[in-house]
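2 protein chains.
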Amino acid sequence: MSLPASARIDIERFWATIERSAEIGTGRPGGLSRLALSDSDKEMRDVFVGWCREAGLSVRIDAIGNIFARRPGLDDSLPPVVMGSHLDTQVNGGRFDGIAGVLGGLEVIRALDAAGHRTRRPLELVNWTNEEGSRFSPPMVGSGCFTGVYTLDWARERRDDDGKSMGEELDRIGYTGETQTAPPPLDSYFEFHIEQGPILDREGFQVGVVTGGFASTGMIVEFRGETAHTGPWPMEKRRNALAAGARLLTAVDDLGWEFAGSGGKATAARLVAWPNKAGIISDWAQVTCDVRHADPEAGAVMAERMLRAAHEAGARANCEVAILDSWRWGGKVFAEEMIGLVRETALGRGYSTRDILSQAGHDAYFLARHTPSAMIFAPCKNGITHNNNELCTREDLAPGLDVLLRAVVARADR
Amino acid sequence: MSLPASARIDIERFWATIERSAEIGTGRPGGLSRLALSDSDKEMRDVFVGWCREAGLSVRIDAIGNIFARRPGLDDSLPPVVMGSHLDTQVNGGRFDGIAGVLGGLEVIRALDAAGHRTRRPLELVNWTNEEGSRFSPPMVGSGCFTGVYTLDWARERRDDDGKSMGEELDRIGYTGETQTAPPPLDSYFEFHIEQGPILDREGFQVGVVTGGFASTGMIVEFRGETAHTGPWPMEKRRNALAAGARLLTAVDDLGWEFAGSGGKATAARLVAWPNKAGIISDWAQVTCDVRHADPEAGAVMAERMLRAAHEAGARANCEVAILDSWRWGGKVFAEEMIGLVRETALGRGYSTRDILSQAGHDAYFLARHTPSAMIFAPCKNGITHNNNELCTREDLAPGLDVLLRAVVARADR
Numbered sequence: 001m002s003l004p005a006s007a008r009i010d011i012e013r014f015w016a017t018i019e020r021s022a023e024i025g026t027g028r029p030g031g032l033s034r035l036a037l038s039d040s041d042k043e044m045r046d047v048f049v050g051w052c053r054e055a056g057l058s059v060r061i062d063a064i065g066n067i068f069a070r071r072p073g074l075d076d077s078l079p080p081v082v083m084g085s086h087l088d089t090q091v092n093g094g095r096f097d098g099i100a101g102v103l104g105g106l107e108v109i110r111a112l113d114a115a116g117h118r119t120r121r122p123l124e125l126v127n128w129t130n131e132e133g134s135r136f137s138p139p140m141v142g143s144g145c146f147t148g149v150y151t152l153d154w155a156r157e158r159r160d161d162d163g164k165s166m167g168e169e170l171d172r173i174g175y176t177g178e179t180q181t182a183p184p185p186l187d188s189y190f191e192f193h194i195e196q197g198p199i200l201d202r203e204g205f206q207v208g209v210v211t212g213g214f215a216s217t218g219m220i221v222e223f224r225g226e227t228a229h230t231g232p233w234p235m236e237k238r239r240n241a242l243a244a245g246a247r248l249l250t251a252v253d254d255l256g257w258e259f260a261g262s263g264g265k266a267t268a269a270r271l272v273a274w275p276n277k278a279g280i281i282s283d284w285a286q287v288t289c290d291v292r293h294a295d296p297e298a299g300a301v302m303a304e305r306m307l308r309a310a311h312e313a314g315a316r317a318n319c320e321v322a323i324l325d326s327w328r329w330g331g332k333v334f335a336e337e338m339i340g341l342v343r344e345t346a347l348g349r350g351y352s353t354r355d356i357l358s359q360a361g362h363d364a365y366f367l368a369r370h371t372p373s374a375m376i377f378a379p380c381k382n383g384i385t386h387n388n389n390e391l392c393t394r395e396d397l398a399p400g401l402d403v404l405l406r407a408v409v410a411r412a413d414r
Numbered sequence: 001m002s003l004p005a006s007a008r009i010d011i012e013r014f015w016a017t018i019e020r021s022a023e024i025g026t027g028r029p030g031g032l033s034r035l036a037l038s039d040s041d042k043e044m045r046d047v048f049v050g051w052c053r054e055a056g057l058s059v060r061i062d063a064i065g066n067i068f069a070r071r072p073g074l075d076d077s078l079p080p081v082v083m084g085s086h087l088d089t090q091v092n093g094g095r096f097d098g099i100a101g102v103l104g105g106l107e108v109i110r111a112l113d114a115a116g117h118r119t120r121r122p123l124e125l126v127n128w129t130n131e132e133g134s135r136f137s138p139p140m141v142g143s144g145c146f147t148g149v150y151t152l153d154w155a156r157e158r159r160d161d162d163g164k165s166m167g168e169e170l171d172r173i174g175y176t177g178e179t180q181t182a183p184p185p186l187d188s189y190f191e192f193h194i195e196q197g198p199i200l201d202r203e204g205f206q207v208g209v210v211t212g213g214f215a216s217t218g219m220i221v222e223f224r225g226e227t228a229h230t231g232p233w234p235m236e237k238r239r240n241a242l243a244a245g246a247r248l249l250t251a252v253d254d255l256g257w258e259f260a261g262s263g264g265k266a267t268a269a270r271l272v273a274w275p276n277k278a279g280i281i282s283d284w285a286q287v288t289c290d291v292r293h294a295d296p297e298a299g300a301v302m303a304e305r306m307l308r309a310a311h312e313a314g315a316r317a318n319c320e321v322a323i324l325d326s327w328r329w330g331g332k333v334f335a336e337e338m339i340g341l342v343r344e345t346a347l348g349r350g351y352s353t354r355d356i357l358s359q360a361g362h363d364a365y366f367l368a369r370h371t372p373s374a375m376i377f378a379p380c381k382n383g384i385t386h387n388n389n390e391l392c393t394r395e396d397l398a399p400g401l402d403v404l405l406r407a408v409v410a411r412a413d414r
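In order, the protein sequence lines correspond to chains U and V.
Here UniProt numbering is used: the first residue of the first sequence is 1, the next is one more, and so on.
Here UniProt numbering is used: the first residue of the second sequence is 1, the next is one more, and so on.
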C-alpha cells in the first residue's frame, strides 16, 4: 500500500514541539543550555518519552541512555528504518541543532498516524546521548557506543569538568537502560539536521543532500611542565605548560587562516591549565583542537601540521607532550543508494536541492559504519549555530521534513 | 642600652615554627597550598596569633585582615619599627616563601625577650593578607590597602574563581577587624624573604641586600568574541576569544625569550575562557601576563610590546580588547639609609653579602611608599619556589635572620 495523498508534515504540530523543547534548559535569550545528562536533559527526555508513548510507540533505553521509540511495521520481523539525532545542546546552543532531527522524526510518525499509514518495515526514532560533547568529551558517545566504536565501560567513565562521570549521571537521572551485546541489524538510518553553515541559506536552496563530510581531525593534547615563580625563574629553566598550550592553539588558528582560501577551518577550541594563576607557572595544560577540509588530501596535510605543531609547542616550552585522544571523521561515508533516494525525493517534490558536505560531526557518521545512512540538511539563517541566535523558520524546515517523511516511507515500504 | 651580647637568633626555635606551619594547608609532598582566607589560612592565622599572645604581644586585626602584633617600646609614643611578610601561599607553594619573614620576625621578638632587651621604639610584626594573589587577584592586597593604594571596598570585592569575595571570606573566617582611616605613621619596615631566584645560592652568598626591584609590568586583558560552531563557521567570520588569548600568551612568551639574554622574563600566567568546550568557539577569554627586566628602559619596551601584542591578538581574532587591570612595580623604591643599614649590618657580622634586585613582587614595595623600607634576602636551593620542592636549610636562613635582628634593633634603639 502506498502513502496516502493526505499524508503530510503538519508544520504547526512540529513547531509546537520545538517551542516546548525551547522552554527546557533555557540559556541566553532564545537559546538553550541543555547539557547531556543534566537535570534539563532529563526533563527533555521525559517529555520526549511521553510524546512517544502518546504516539503509541514502545520505548527502549539502552545502557548509555540512547532512547529508541519503535513503531511496528506490517512485517515486524524486518530490521527497522531508523530516524534520529540528539536533544542535548552546547552551553550556548540553539533550539534547532539536533532537536529538529529528533522532533522531526516524531512528526513523521505522527503524520503517518494521521494518514493511517503503516509501513512494511518497523520504524524507530532515536535520541542519541551526548552528541555535542560539550559536557563529556568526546562528542557522539551514544551513537559511538551503539555502533561499537566505544565500549560501554569507557563511555561511562567519561567525566565532566566537575569530575562527574557519564555513568553516575545516567544512573542519577534514571536513564541507564539495558546493556546491548551487539548493535541490532537496521535497515537504514536517516538524520535530518540544520546545515549549521551558511551555504543553503546564502544560495537559496531548500534541501541539502549530504554526500559526505569534511575530512576532520581533532585531538586532545596534554603538556606537562613544572611550577615555578613567574618572576625570578630564568626563561631557559621554564617549563610553562600554559605557554605550550597557547603556542599550539596559536599554530592551529594560523593553520585555519592558511587554508581559509580553500574553505579549510581550524579551531583553537579548549585550553585548561593548572594552577593557571597569576604568580605561578603552570605545570599542566590540556588543549582540544581540530582541523577540517573538504579535500581529504588538504585535510591530511592540516592534520599532520597540527600534530607537528603540538610537538613543536611542547619542545619550545620544554614540556612533555602526550596525545591523549584523537579522532577523524568525514569522507564519503554515506551509502550511494541512500544519497540517491534523498536527492530524488527532494527533486521529485520540486524543492531546490543541492549536494553538500557536512562540516560538523554527526551521529550519522557512526551509524553509517553499521547501516546504509543518509543526512538531509535544512538551511538556517546565516549559518549561525552553537549560538543563541541560531534561527530557522517553519519555511526553512518544512521541505526537509517532507523529504524525510517520503524517503523514510519509500525505504520502509520497499 | 645596647643589645646584650647574649642576644641571638635561636634557629631551632625558629625552625620549630616553620615546621608547625608546614603542617597547615599541606599540598604536594613537602609543599603548602594555603590560599588566602581559606580554612587553612585561618588555622595558620590562629596559630600565629596564639604565638604572638604567648610572647606578650598585643594583637590587632585591620579591616582587610592584616594581623599586627605589637611589642611596646621604652618610649611607646614613637612610631614602631615594623617587620612583616605573609603566611599565605600559592596552590603549589613552598614552606618558606613569605612564611620565613613572618616567623623570622616572631623569632626576633622571642630573641629580644630571651635577652631581656626592650627597644626604645615599639616593634610591630605583621602578616599581610593575600600577598600571593593566587586566590584573589591582584597580589599584595593587604599591604595595598594598608598603604592606601587600594580602597577597602574595592579590596573586599575581589573574587576568587568560585565567585567568593575577599569580604565574605574575611567575615567567614573571623578576620575582619577595625577599619583604619589612614595608615598610621611607622618608623620603618623590614621584610626578610627567601630570594626566590638562583643567584645567592649559585654564587654562594649568605645575605642579599635588596636595592630595588626589576621593572615589572603586568596586566589582565579581556577578549570578547562570539560563539559559533567549530566546524562550518568560516574563518573570516570567526571571533574566537580563546584564539585571541592564546595569541597574546604566545607573543608574551616570545618576548620573554627575546629578552632572556639580558635577564628579562615574560610570563604567560593565566588564561580562562568561556565556554572553553570542544565543538564551540569561545566568546570570552581573560589573560593574565607580565614582563620584568632589571633595566627600567628594557622593562618599558617589554611592557609596551606586551600591550601592543594584546591589541594585535584581538585584531587578528576579530575580538574586542579591554585592559581590565594593569600594574607596575619595581625600581629603586627602598630608602638608601635602610639599604645601607642592612648592608653594613651584614658585612659587620662577617656574612658574604651582595646587593641584589628583587624579581618578584613584595609587600615591601607598597610599604616603601609610606615608610623607609628594606628587604633582606636569604638563599634558597637552586632558586626553586612556587613549587613544593622549594628548599632552605637552617644555614640558608640563619645569617639573614641575624641581620634582621640587629638591623631592627639598630633602627628601634636609635
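Mixed in with the good hints there might be a few duds.
[Said to hold, decoys possible] Covered by chain V, per the in silico footprint, the following chain U stretches (three or more residues, Cβ under 8 Å):
{"id": "1", "segment": "252-259"}
{"id": "2", "segment": "287-295"}
{"id": "3", "segment": "373-386"}
The hints are simulated quantities; they were obtained by calculation from the structure and are not laboratory data.
Note that this is a predicted model, so its numbers are computed, not measured.
We put the CB at the ideal spot given by N, CA and C, even for glycine.
Against chain V, does the segment 287-295 of chain U show at least 3 residues with beta-carbon separation below 8 Å? With 3 residues in contact (Cβ-Cβ under 8 Å with chain V), the coverage given for the segment 287-295 of chain U holds.
Tell me if chain V covers the segment 252-259 of chain U under the three-residue, 8 Å CB rule, please? Holds: 3 residues of the segment 252-259 of chain U have a Cβ under 8 Å from chain V.
Mind taking a look at whether chain V covers the segment 373-386 of chain U? Criterion is 3 or more residues with CB to CB distance under 8 Å. holds (count 4)
Hint check: no violations occur; every hint is consistent with the structure.
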